[in-house]
Amino acid sequence: MVNDDLLARGGELKILFTGVMGAGKTTAIRAISDGGTLSTEVPLSEGATESKRLTTVGLDYGECRLDDAVTLRLYGTPGQDRFRFMWDILAAGAFGLVILADNSRDDPIAEVEVFLAAFAHLVPKRRTVIGVGRVDTRPQPDIETWCARLAASGHHVPVLEVDVRESMDVRLLLSVLVSMAEAEHV
Amino acid sequence: MEVNPGSARGVPSQPIAMNEQRDALTTIASHPVASPPAEAGRTVLRVGTCDLEAKDGILLQSLVRLLSGHEGLCVQHCDSPSDCDVLFVPASWPRRVGNHCLTVQLLEPNAPDLPSSDAGLFMRRPMRASNTASVLQAATAQFARRRRGGAAAGALATLFETMTGLLMARERRFTVLELSEGRTLGLDFAHGLVRTDLDADGLCQITLSLMSTRRGDAGDMQTMATWPAMRMRDLVWRWSQRLALQADGVIVPRGRYRLLRWPDASALSLPGVPRLSALLTQQPMSVQEAAGTSGLSVPSVVRFLDAALALGIAAPDADAGPATVDPVERRPDPGVARGLLRRLREQLKLW
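These protein sequence lines map, in sequence, to chains A and B. Per the numbering used here, the first sequence starts with residue 1, numbered consecutively. Per the numbering used here, the second sequence starts with residue 1001, numbered consecutively.
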């Protein structure tokens, strides 16, 4: 389940970024990876917008070397539903899960609940953090509503307003993830 | 419970009247910043009870009348808990008042002592003139210390205490804070906004003093509707973070507290706060325990809790209900894991 045995042996840490198409997974991974990232983006065949012209058709990958022995591997799941079969593969052994949401969508909370349910058997909620984007242009639902609705569904996870184009915000998500892991070792 | 319109404080433990509509706003006469009025250089402490039996309330009222003017005491009985400076409460009373109020917990004769705290005292039953006088003298001394500390902490602490006091009282009415230099803050509780003619940086770094607090009227709301607005939650966190740097005037509450949910992103921007939040969402902790485990200073933890309690995302342990996070499986031999997590923090510049 959670990859803490590998933490003990030294090896790799895997953090998974998931969320609907256009939520910012590719952008988030690029913001914190060493050097370049592997991206499997192609132009959108339909539904392209000014801010979203490409879509990931495989996965995103970035890495960050912590030291000679340990590498942080960042995986982004493809957002389109037809690639859902890859989620289990990518999530296996993940240290943590970052779910990115787009607050401009019709019901972003319901969409995130799908991801929470899909990954629940692979990554526990105590290693899951939600980043909500586009709150500045679409303030509703607000973060209080997010938390209340998720809590009503039994999901008590951090929900943070972020802009993944800012590396500081991506690092905030990871700071929270790491803090949750550290709290287990107190 | 009606929040006393003349007071900026409330006791949210009692049900709040929700039948106030905003169709017609009533201007309530300005009242000074809530603090004990001075009387020839002496402070009058307003003393009352909350959640005690009626006979205890009557007895205390008699004792306060008897003792005032004697034993160096300047006290008066107050029927409204929200206006009290000193509140006599049951032994296991979870703290639900702002830090402005000193609680006196009534213990049974054989009960163990409670740890000392700047937020409260304790007294053993039966209530007599002698022990009541002693505890009121201690309260008087503590308020004198607070005033000295409060003067050093300055204007921001007063503003913060006023706003968090109103939030804890679940205030919904538009409230105007008149500041020095002719500035004004409009607290739009219904929409969770602060409206002001100050710019955002000026508001967050504010050095102005609170002159008075009053209920806003339709004219105020119309005028301030054109002013820039900031989310009240964000401002509360920003002010708490500034106050965390000041050790003066910090009152350490007794008891344990737990986060009911994670705070907003604006609260998590300071080093150590994500760790503190992770700890407090998993288990209740006292201020000292949280400070020792998170690595933050006691003032930082106190101010964080002040903000979290006011914003309704934290509660005293007795009120918090069942745990809302997955039970944590403690890891054996955490040393290696901690080392890797530390490297992760360093490499990615996390906090």
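Just so you know, not all the hints are guaranteed correct.
[Said to hold, decoys possible] In silico EDC-like pairs for lysine to aspartate or glutamate, Cα to Cα no more than 20 Å straight-line: (1) B/1349 / A/144; (2) A/125 / A/184; (3) B/1349 / A/169.
In short, the hints are calculated from the structure, not lab data.
Holds or violated: residue 125 of chain A and residue 184 of chain A, Cα atoms, limit 20 Å. 13 Å, holds
Within 20 Å, alpha carbon to alpha carbon, are residue 1349 of chain B and residue 144 of chain A? 28 Å, violated
If you draw a straight line from the CA of residue 1349 of chain B to the CA of residue 169 of chain A, is it 20 Å or shorter? 12 Å, holds
Violated hints amount to a single one, hint 1; each of the other numbered hints is respected by the structure.
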